[in-house]
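With these hints in hand, go ahead and build the complete structure from the sequences.
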Amino acid sequence: MRNEKPTITLHHKVLFMNTNKNVASSVLSLNAITKSYGPVQALKGVSFDVPEGSVFGILGPNGSGKTTLLSIILDVLKANKGNFLWFGHPGSKEQRKKIGSLLETPNFYHYLSAVNNLKITQSISGRGTMEDIDAVLKKVRLYERRNSRFSTFSLGMKQRLAIAAALLGDPRVLVFDEPTNGLDPVGIAEIRQLIIELRNTGHTIIMASHLLDEVEKVCTHAAILRTGELLTTGRVDEILVDDDVVELSASDLNALAEVLKQLSQHVVVDGEMNTVQVTFSKGTAKLDEINSFCFQKGIVLNHLILKKKRLETRFFELTNN
Amino acid sequence: MTQIIRTEWLKIKNYPAFWWVFGITALTYPGINYLFLYAYHDIASQKSTAGQVLKALMGNPFSLPEGWRTMAFFSSFFIYIPSIVVIMLITNEYTYRTNRQNIIDGWSRKNFMTAKMIDVLLLSAIVTILYAFVALLIGLSNTNIDAPGKWNLTYYIGLFFLQTLCQLSIAFTVGMLLRKAFIALAIFTFYSIIVETIAVNVLHFKYNSEAGRFFPMEVSDRLLTKPVFLGKIDEAAYQQSLDAVKYHVVYSICLLILTWLFCFWLNNRRDL
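Chains as they are written, first to last, in my numbering: chain A, 102 to 422; chain B, 2 to 273.
Hints were generated in silico from the structure; no laboratory data involved.
The structure displayed is predicted, hence computed values, not measured ones.
Some hints could be false.
[What the hints assert, rightly or not] Lysine to any residue pairs mimicking SDA-like chemistry, simulated, CA-CA at most 20 Å apart:
#1 B:Lys14 to B:Asn93
#2 A:Lys179 to B:Asn112
#3 B:Lys151 to B:Phe230
#4 A:Lys182 to B:Asn269
#5 A:Lys194 to B:Arg271
#6 A:Lys318 to A:Leu295
#7 B:Lys14 to A:Ser252
#8 A:Lys199 to B:Ser109
#9 A:Lys198 to A:Gly227
#10 A:Lys220 to B:Ile6
#11 A:Lys220 to B:Leu11
#12 A:Lys383 to A:Glu339
#13 A:Lys220 to A:Thr253
#14 A:Lys318 to A:Glu279
#15 B:Lys14 to A:Lys194
#16 A:Lys145 to B:Asp272
#17 A:Lys220 to B:Arg7
#18 A:Lys198 to A:Pro272
#19 B:Lys207 to B:Ala238
#20 A:Lys220 to B:Pro17
#21 A:Lys179 to B:Arg271
#22 A:Lys198 to B:Leu11
#23 A:Lys220 to B:Trp10
#24 B:Lys227 to B:Phe74
#25 A:Lys179 to B:Trp266
[Said to hold, decoys possible] To be clear about the criterion: a stretch of chain A counts as covered by chain B if any three or more of its residues have a C-beta under 8 Å from a C-beta of chain B, and this derived list gives those stretches:
#26 176 to 189
#27 202 to 216
#28 224 to 237
[As the list claims (entries may be wrong)] A short, non-exhaustive set of chain A residues, derived as facing chain B with CB atoms under 10 Å:
#29 Ser126
#30 Tyr138
#31 Ser193
#32 Lys194
#33 Glu195
#34 Gln196
#35 Arg197
#36 Lys198
#37 Arg247
#38 Phe251
#39 Ala266
#40 Lys398
We put the CB at the ideal spot given by N, CA and C, even for glycine.
This is the structure:
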C-alpha cells in the first residue's frame, strides 16, 4: 500500500466569499410583512434583513409570494401588516429613485423606442445621463436597436431593456424579479455574469427566482418562501448545510466502514459508487482529523470530501416537494 | 413640477395615435364652426321672403360679441374627440403597466396623478385656445371694425375652459375606473349622449323635475347656453338658463374638485 495522501476535493466550491463587503449593515429590513388577496394569504409575517453588498436570492415555488414581496418593497402593493425599511428608513419615492428595479414583466411604452423609454426612466428616477443611456444599452446588447420601437422587440430583448433600465445610473441597490425570464442560454449566461460583476463591485442585489441553479451560482444569501411563509434565511452555504456528510473511499470499503463506526453511528456503504458516507452533526466534521484517524487505524484513504447538499435538494426538503 | 411635465411630454411627443387624434381635434373645431357659418350665409343670402325673415330673426350669430357664445356652444358638441385622447393617456398606462413602473422608478402615487391632472389641464387649455382662435377669426371676419362691445362675451372663453375641463375630467375618471380604452370610451360616449340625455329629459318632461341639471355632464353642459337666436323659441326659459350659469360655475368647480379628489383617493388606495 502506497503511503499516499488522500486527494481532498471540494465537491461544492464555496463560491460566495464576499468578505470584502460590509455585510453588517442592512440595506433592507422586512418586519412581519403580511399581505392578503381576499381570503388568500399571500405573505404571512415575513421578516428578514438583506445585508449590504450581498446578492440576496428570494426563492420559492410558484405562488409562494416572491413577487408580492418585491411589489411591497417597491410600493406597488400595500402590505396589510408589517413594515419595511430601506437603509433604516421607511420606504419613500426618494429611496426608490436610488434603486434599479425589474419587477415581473418589462413595463415600457410600446410605441416608444428603447432610448425614449429609458429617457422616461431617467426623467423620473434622475439616474444617469444621455451618455449613460447609450452605455447601458451597449451593456445589454441593444444599442443597435436603440431606435426601434419596444413593440417590435422579442421577449428576450424586452427583458434586456428592463435590465438596462435597472442599471441606468449605476444604482448601488438592484431588485430583479426573475431576471433571466425569456432569455436564451447566452443571454442567461450574460446576465449571470453581469450579476457576478455587480456583486464584485459592491452592489447589493435582491433577486427573486425559482431557478435554483441560478441562485446557487450567484447568490451569497437567500430566503426560502413557501405559500407566503418564510422557511429559512441566511447565507447560501449555511442554508445548504444541514448535517455534515463526508464521503470517503479506500481499497477496502468494509474495513473503512468498520473504522468509521467509531466516529459516527451513521455510516453507509455505497457499493455502486465505491464510497462510504458518514454523517456528522452540522459543523463537526474535521477532514484532517478523519484522515489522521483512518491512517492511524491502518487505512489509507484515496478519496475524502465534505459534501454539501445542492440547493435543489435542500429546497425540496424545505418545501416538502 | 417641471420634471413631471417633462416626463409627460416624453411620453406624448413620440406617440403617433396622440398626434392623429390631436390633429382631428384641431380640424374639428374650426370645421364645425365653419360648417354652421356657411349654413348661416346660405340662409342669409336667400332672396326669398322666408330666407329674409329667418335672417332678420337670427341676426348674425357669428358676429362679435354673440359669436363667442355661438361658437362656444357649437364647439362643445365635440368634446368626445379630446376625450379620446384623455382616455388613451390614462388607459395606456394600465395597458402597458407603466403606471406601476413610474412608481417603481421613483414617482409617488400623488406624482402620477398630478401628471395626469396636468395632461387634462393642458389639453383643456389647448382645446380652449383652439376655440378662442376660431371664434376670434370667424367673429372678426363677420363683425364691423367699429362695432361696439366686441369683447363683451369673452368670458365665454373661461366658461368653455371650465366645461371642457369638467367633461374631460369625467372622461379621465371613466378611463381610470375601467382601465380599458375601448370599453371606457364606449361607456363614456354612451352615458353622455344617450343615458344622461334621456334621464335629464325624462326628469324634466315627465316628472317636471330639474334634478337632471346635477347630473355629471349636465352640470357643466349648462355653462354654455344656446345662441340667442335659438333662445328666441322660449325667451323666458332662455333667460332662466342664462341666469343659472353663475350657479353652474360653482357646481362645476365643486364637481371638478370632487372628481379629482376621487381619482387621487382611488389611485392611492388600489394596488397597482
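For each hint, the structure was consulted:
1. In summary, the hint linking Lys14 of chain B to Asn93 of chain B is supported, as the alpha carbons are separated by about 15 Å, within the 20 Å threshold.
2. Using a Cα cut-off of 20 Å, the hinted pair Lys179 of chain A and Asn112 of chain B holds, with the two alpha carbons roughly 17 Å apart.
3. Note on Lys151 of chain B and Phe230 of chain B: the hinted pairing holds, with a Cα-Cα distance of about 18 Å set against a maximum of 20 Å.
4. As the CA atoms of Lys182 of chain A and Asn269 of chain B are separated by approximately 17 Å, the hinted pair is consistent with the 20 Å bound.
5. Restraint check for Lys194 of chain A and Arg271 of chain B: satisfied, since their Cα atoms lie roughly 17 Å apart, inside the 20 Å limit.
6. A hinted pair counts as satisfied when its Cα atoms are at most 20 Å apart, and Lys318 of chain A with Leu295 of chain A qualifies at roughly 12 Å.
7. Taking the CA atoms of Lys14 of chain B and Ser252 of chain A, the gap is about 17 Å. The hint holds against a cut of 20 Å.
8. For the given pair, Lys199 of chain A sits about 14 Å from Ser109 of chain B by alpha-carbon distance, which is consistent with the 20 Å threshold.
9. In summary, the hint linking Lys198 of chain A to Gly227 of chain A is supported, as the alpha carbons are separated by about 7 Å, within the 20 Å threshold.
10. A distance of roughly 13 Å separates the Cα atoms of Lys220 of chain A and Ile6 of chain B; the hinted pair therefore holds under the 20 Å criterion.
11. With a C-alpha separation of about 8 Å, the suggested pair Lys220 of chain A and Leu11 of chain B falls inside the 20 Å cut-off, and the hint holds.
12. A distance of roughly 10 Å separates the Cα atoms of Lys383 of chain A and Glu339 of chain A; the hinted pair therefore holds under the 20 Å criterion.
13. Pair hint Lys220 of chain A plus Thr253 of chain A holds up; C-alpha atoms about 18 Å apart against a cutoff of 20 Å.
14. Straight-line distance between C-alpha atoms of Lys318 of chain A and Glu279 of chain A comes to about 14 Å, which keeps the hinted pair within the 20 Å bound.
15. Proposed proximity of Lys14 of chain B and Lys194 of chain A is contradicted: the alpha carbons are some 26 Å apart, above 20 Å.
16. Taken as a hint, the Lys145 of chain A and Asp272 of chain B pair is honoured in the structure, with Cα atoms around 18 Å apart against an allowance of 20 Å.
17. At roughly 10 Å between alpha-carbon atoms, Lys220 of chain A and Arg7 of chain B fall within 20 Å of each other, so this suggested pair holds.
18. For a cut-off of 20 Å, the pair hint linking Lys198 of chain A to Pro272 of chain A stands: about 9 Å separates their Cα positions.
19. As the CA atoms of Lys207 of chain B and Ala238 of chain B are separated by approximately 17 Å, the hinted pair is consistent with the 20 Å bound.
20. Straight-line distance between C-alpha atoms of Lys220 of chain A and Pro17 of chain B comes to about 18 Å, which keeps the hinted pair within the 20 Å bound.
21. Between Lys179 of chain A and Arg271 of chain B, the direct Cα distance comes to roughly 8 Å. Compliance with the 20 Å bound is thereby established for this hinted pair.
22. At roughly 18 Å between alpha-carbon atoms, Lys198 of chain A and Leu11 of chain B fall within 20 Å of each other, so this suggested pair holds.
23. Distance check on the hinted pair: Lys220 of chain A and Trp10 of chain B sit about 11 Å apart at the alpha-carbon level, within 20 Å; holds.
24. Between Lys227 of chain B and Phe74 of chain B the alpha-carbon distance is near 6 Å, which keeps this suggested pair within the 20 Å criterion.
25. About 14 Å separates the Cα atoms of Lys179 of chain A and Trp266 of chain B, which keeps this hinted pair within 20 Å; it holds.
26. As drawn, the region 176 to 189 of chain A meets chain B at 4 residues by the rule of a beta-carbon pair under 8 Å; at three or more, the given contact holds.
27. Counting residues of the region 202 to 216 of chain A whose C-beta lies closer than 8 Å to any C-beta of chain B gives 10; at least three are required, and the coverage claim holds.
28. Proximity of the region 224 to 237 of chain A to chain B, defined as three or more residues with a beta carbon under 8 Å from a beta carbon of that chain, is established by the 4 residues found.
29. Hint on Ser126 of chain A is violated. Least Cβ distance to chain B is approximately 23 Å, over the 10 Å limit.
30. Checking Tyr138 of chain A against chain B: minimum C-beta separation of about 9 Å stays under 10 Å; hint holds.
31. With a least beta-carbon distance of about 8 Å to chain B, the hint placing Ser193 of chain A at the interface is held under the 10 Å criterion.
32. Hint status for Lys194 of chain A: holds, given a least beta-carbon distance of 5 Å to chain B, under 10 Å.
33. Because the smallest distance between the Cβ of Glu195 of chain A and any Cβ of chain B comes to about 7 Å, under 10 Å, the interface hint for this residue holds.
34. Residue-level restraint check for Gln196 of chain A holds (minimum Cβ-Cβ distance to chain B is 9 Å; threshold 10 Å).
35. The closest approach between the C-beta of Arg197 of chain A and any C-beta of chain B is roughly 5 Å, which is under the 10 Å cut-off, so the hint is satisfied.
36. Interface hint status for Lys198 of chain A: upheld, as the beta-carbon distance to the closest one in chain B is roughly 3 Å, under 10 Å.
37. The closest approach between the C-beta of Arg247 of chain A and any C-beta of chain B is roughly 13 Å, which is over the 10 Å cut-off, so the hint fails.
38. Taken as an interface hint, Phe251 of chain A checks out: its beta carbon lies about 9 Å from the nearest beta carbon of chain B, inside 10 Å.
39. For Ala266 of chain A, the suggested interface contact is upheld, since its CB lies about 8 Å from the closest CB of chain B, less than 10 Å.
40. Interface hint status for Lys398 of chain A: violated, as the beta-carbon distance to the closest one in chain B is roughly 62 Å, over 10 Å.
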